[in-house]
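K.L.:
For reference, the chains in residue letters:
There are 2 protein chains.
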Amino acid sequence: MPAIVHTAAKQTVDIGPFTLECGDTLPQVEIAVETAGTLNAAKDNVILVCHALTGDAHAVGDEEQPGWWDGLIGPGRFVDTSRYFVVTMNTLGGCHGSTGPASISPDTGKPYGGDFPLVTIRDMVRAQRRCLDRLGLGELHTVIGGSMGGMMVLEWAVMYPGHVKKVVPIATAAALTSVAVGYNEAARHAIQSDPGFQGGHYYPGPGPVNGLAVARMIGMITYRTEALFEKKFSRRLQEGTNSDIPSLDSLFQVGSYLRYQGEKLVHRFDANSYLRLLKAMDTHDLARGRGSLEAALSRVKAEVLTVGIREDLLFPYRQQEELHRELVAAGKSSRLIGIHSDYGHDAFLVEYSDWGPQLQQFLEE
Amino acid sequence: MPAIVHTAAKQTVDIGPFTLECGDTLPQVEIAVETAGTLNAAKDNVILVCHALTGDAHAVGDEEQPGWWDGLIGPGRFVDTSRYFVVTMNTLGGCHGSTGPASISPDTGKPYGGDFPLVTIRDMVRAQRRCLDRLGLGELHTVIGGSMGGMMVLEWAVMYPGHVKKVVPIATAAALTSVAVGYNEAARHAIQSDPGFQGGHYYPGPGPVNGLAVARMIGMITYRTEALFEKKFSRRLQEGTNSDIPSLDSLFQVGSYLRYQGEKLVHRFDANSYLRLLKAMDTHDLARGRGSLEAALSRVKAEVLTVGIREDLLFPYRQQEELHRELVAAGKSSRLIGIHSDYGHDAFLVEYSDWGPQLQQFLEE
Numbered sequence: 001m002p003a004i005v006h007t008a009a010k011q012t013v014d015i016g017p018f019t020l021e022c023g024d025t026l027p028q029v030e031i032a033v034e035t036a037g038t039l040n041a042a043k044d045n046v047i048l049v050c051h052a053l054t055g056d057a058h059a060v061g062d063e064e065q066p067g068w069w070d071g072l073i074g075p076g077r078f079v080d081t082s083r084y085f086v087v088t089m090n091t092l093g094g095c096h097g098s099t100g101p102a103s104i105s106p107d108t109g110k111p112y113g114g115d116f117p118l119v120t121i122r123d124m125v126r127a128q129r130r131c132l133d134r135l136g137l138g139e140l141h142t143v144i145g146g147s148m149g150g151m152m153v154l155e156w157a158v159m160y161p162g163h164v165k166k167v168v169p170i171a172t173a174a175a176l177t178s179v180a181v182g183y184n185e186a187a188r189h190a191i192q193s194d195p196g197f198q199g200g201h202y203y204p205g206p207g208p209v210n211g212l213a214v215a216r217m218i219g220m221i222t223y224r225t226e227a228l229f230e231k232k233f234s235r236r237l238q239e240g241t242n243s244d245i246p247s248l249d250s251l252f253q254v255g256s257y258l259r260y261q262g263e264k265l266v267h268r269f270d271a272n273s274y275l276r277l278l279k280a281m282d283t284h285d286l287a288r289g290r291g292s293l294e295a296a297l298s299r300v301k302a303e304v305l306t307v308g309i310r311e312d313l314l315f316p317y318r319q320q321e322e323l324h325r326e327l328v329a330a331g332k333s334s335r336l337i338g339i340h341s342d343y344g345h346d347a348f349l350v351e352y353s354d355w356g357p358q359l360q361q362f363l364e365e
Numbered sequence: 001m002p003a004i005v006h007t008a009a010k011q012t013v014d015i016g017p018f019t020l021e022c023g024d025t026l027p028q029v030e031i032a033v034e035t036a037g038t039l040n041a042a043k044d045n046v047i048l049v050c051h052a053l054t055g056d057a058h059a060v061g062d063e064e065q066p067g068w069w070d071g072l073i074g075p076g077r078f079v080d081t082s083r084y085f086v087v088t089m090n091t092l093g094g095c096h097g098s099t100g101p102a103s104i105s106p107d108t109g110k111p112y113g114g115d116f117p118l119v120t121i122r123d124m125v126r127a128q129r130r131c132l133d134r135l136g137l138g139e140l141h142t143v144i145g146g147s148m149g150g151m152m153v154l155e156w157a158v159m160y161p162g163h164v165k166k167v168v169p170i171a172t173a174a175a176l177t178s179v180a181v182g183y184n185e186a187a188r189h190a191i192q193s194d195p196g197f198q199g200g201h202y203y204p205g206p207g208p209v210n211g212l213a214v215a216r217m218i219g220m221i222t223y224r225t226e227a228l229f230e231k232k233f234s235r236r237l238q239e240g241t242n243s244d245i246p247s248l249d250s251l252f253q254v255g256s257y258l259r260y261q262g263e264k265l266v267h268r269f270d271a272n273s274y275l276r277l278l279k280a281m282d283t284h285d286l287a288r289g290r291g292s293l294e295a296a297l298s299r300v301k302a303e304v305l306t307v308g309i310r311e312d313l314l315f316p317y318r319q320q321e322e323l324h325r326e327l328v329a330a331g332k333s334s335r336l337i338g339i340h341s342d343y344g345h346d347a348f349l350v351e352y353s354d355w356g357p358q359l360q361q362f363l364e365e
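If you're matching them up, the sequences are chains A and B in order. Counting in full-length UniProt numbering, the first sequence runs from 1 upward without gaps. Counting in full-length UniProt numbering, the second sequence runs from 1 upward without gaps.
Quick caveat, the hints were computed from the structure, so don't treat them as lab data. Take the hints with a grain of salt, since some may be wrong.
Calculated from the model, a selection of chain A residues having no Cβ within reach of chain B, i.e. all distances over 10 Å [to be verified]:
#1 L53
#2 G71
#3 L137
#4 G255
#5 G291
#6 A329
#7 R335
#8 E364
Cβ-Cβ distance ranges computed for the label pairs, FRET-style [claimed, not checked]:
#9 B:D249 with A:P195: 33 to 43 Å
#10 A:R325 with B:C22: 50 to 60 Å
#11 A:S234 with B:A329: 16 to 26 Å
Every residue, glycine too, gets a C-beta built ideally from N, C-alpha and C.
Kindly generate the complete structure, drawing on both the sequences and the hints.
P.N.:
And the structure:
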């Protein structure tokens with residue numbers, strides 16, 4: 001067997017005009033795609049990865065630029081790119097190569113900005129399906145993703161039951177809780193009320209950088225757990241802060257960390273995309289237009305491995321339990337793994353030892 | 001026995017120049033005070049109430065304008081104003097009658113604004129002590145308060161052990177968790193980055209109304225629980241929102257509720273005070289300058305009844321358990337009540353049936 005070369009291929013795929021659920025048609029849609037591994041002759045080793053809110057197509061990457069799921073996917077890893085051909089796309093509506101609010105509208109010659117319509121989770125999945133068609137890829141071995149990506153995974157199983165053999169929804173749900181929608185509403189208000197937002201028509205300006213930073217700060221707390229924050233920061237102050245006499249300038253390490261995370265996101269993410277992806281998650285409901293969750297899940301043909309994190313504050317574990325229960329009730333092949341992690345919701349991006357081996361086995365069965 | 005008249009008396013007490021922990025002296029400090037009930041001849045029936053972040057001196061109120069703790073305190077209630085003389089002060093640094101950032105500085109003839117210094121929890125308590133002196137009130141029967149008010153209650157027991165017979169700290173802690181500080185940091189960034197903030201020098205303008213609203217929205221989620229949000233809102237949409245086709249304008253009831261709460265606070269609370277009270281809570285630590293929590297609590301002479309809410313996300317129940325454990329270890333008279341409530345942290349402002357009777361008994365023993 002030849003040495004496995006850990007390479008990633010990047011391309012942009014034109015999928016033509018695309019009509020969204022809201023009725024609007026985007027006249028020209030491009031999808032940024034990255035692949036890792038090699039497509040086999042039977043074309044039956046394709047694994048599609050769906051990213052979360054601030055993710056992108058760079059899931060696997062290479063030695064020089066490891067991707068965001070590099071610890072899970074790669075040569076010899078739990079998702080082994082020496083066996084599988086792993087495809088990741090930046091979502092429609094995103095800001096890392098796929099058509100989104102910062103793209104130029106062919107109609108006006110200017111960025112869509114605030115005029116870019118809502119892209120639903122189902123729109124995102126239909127765009128993925130069309131992109132795969134253009135790439136000559138039919139049936140998928142597995143679709144895998146966490147959080148918003150997990151919502152897409154579940155839609156794959158319901159929208160294209162004949163196209164996918166296995167699905168792995170992680171730290172996700174059929175629909176957000178009201179608390180998650182509430183946090184998103186606070187984030188939205190922070191972004192939209194920032195004078196830099198200008199109704200979304202801020203290009204080429206920096207946009208609502210403060211609002212987006214606040215949104216990210218809120219997010220970063222809800223993605224983790226109190227246990228992790230206590231271990232990582234406790235009540236330690238930043239160096240140079242006087243701990244004997246409190247002052248208005250007293251800065252805690254946790255505050256400094258959150259501000260840093262806020263500023264970091266601003267440099268790599270577009271606020272208009274952020275707003276649309278939040279709203280796509282808020283309004284998503286696997287049962288919408290299908291009568292009930294039970295009816296929606298009755299369409300599933302794929303084997304399902306659901307992974308949940310028991311400490312997840314944003315997608316509580318009971319939501320993954322409910323999915324599993326409903327799938328079993330509908331007579332589907334369903335397994336559930338509930339892991340423990342102080343990372344909370346973010347665990348699926350950080351800790352693989354408790355579920356990676358079971359994922360590997362599930363893929364290979 | 002004559003009919004009990006449910007009356008509240010309001011006054012503003014001049015406590016003169018006041019030097020803060022930070023070293024700054026406020027040349028003239030006034031404290032807004034409300035009382036309910038009647039001071040007895042022995043002056044031994046005084047109960048001091050300490051308010052939380054956005055509270056004020058209007059704890060008891062009357063039939064026309066019930067106070068924020070009207071359900072707990074009043075004639076024949078758990079804290080019976082036919083027996084006790086209940087005193088509540090707006091905190092120093094606040095914005096409801098006591099000297100705070102919106103007050104006129106005698107030095108400049110203008111509002112302090114961004115120049116108003118940090119008032120610590122200990123400063124607040126010293127100001128209360130001086131205000132009580134001016135009112136001719138010495139020993140306190142009981143000091144009671146929740147959240148930030150609970151921090152003040154604990155300081156009362158440690159700073160003035162000879163002045164207070166009983167204390168009732170509720171839903172509070174010796175110091176905030178890193179997660180709570182983190183949420184406050186996000187709130188702070190929202191307020192301070194709002195262009196309306198102008199470094200705190202926004203009077204007579206409206207100030208950072210959007211930032212303060214975002215801060216309140218974040219707060220309202222953390223003060224409650226997911227269970228309550230699911231019961232109250234679930235995923236219901238506002239009337240007039242199309243549930244069949246999601247859009248950027250889709251508005252959930254939870255979002256509408258939070259925006260309403262945000263807007264409501266903006267009309268009744270000053271952002272500069274909000275910032276200072278947040279920082280007072282962040283930097284508060286009962287152990288600061290006292291060697292250890294154990295050493296701090298060794299000063300306590302009062303009997304302590306701690307009330308905690310097991311679902312509290314902001315002041316986790318383990319913090320009240322720790323307080324109780326340390327008090328018991330130090331040989332103090334300490335009792336702990338742990339209640340359950342879907343209201344989470346806010347339960348102390350809403351639900352009294354599970355702890356009111358025990359509070360009443362504790363007061364009367």
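K.L.:
Now tell me if each hint is right for this structure.
P.N.:
Status of each hint after checking the structure:
In this structure L53 (chain A) is separated from chain B by more than 10 Å, as the shortest Cβ-Cβ distance comes to about 16 Å. Every Cβ of chain B is farther than 10 Å from the Cβ of G71 (chain A); the closest lies at roughly 25 Å, confirming the non-interface assignment. Separation of L137 (chain A) from chain B is adequate, the least Cβ-Cβ distance of about 28 Å exceeding the 10 Å criterion. A Cβ of chain B approaches the Cβ of G255 (chain A) within 10 Å, the least distance being about 4 Å, so the stated non-interface status is violated.
With 10 Å as the threshold on Cβ separation, the claim that G291 (chain A) sits away from chain B holds: the shortest Cβ distance comes to roughly 13 Å. Non-interface call for A329 (chain A) relative to chain B: holds, since the shortest CB-CB distance, roughly 21 Å, exceeds 10 Å. Annotated as non-interface, R335 (chain A) keeps its C-beta farther than 10 Å from every C-beta of chain B; the closest such distance is 26 Å. Under the 10 Å C-beta cut-off, the non-interface status given to E364 (chain A) relative to chain B holds; the minimum distance is some 37 Å.
Distance hint check: the CB atoms of D249 (chain B) and P195 (chain A) are about 21 Å apart, inconsistent with the given range 33 to 43 Å. Evaluation of the 50 to 60 Å hint for R325 (chain A) and C22 (chain B) yields a pass: the beta carbon distance comes to about 56 Å. Checking the proposed 16 to 26 Å range against S234 (chain A) and A329 (chain B) shows it holds: the Cβ atoms sit about 22 Å from each other.
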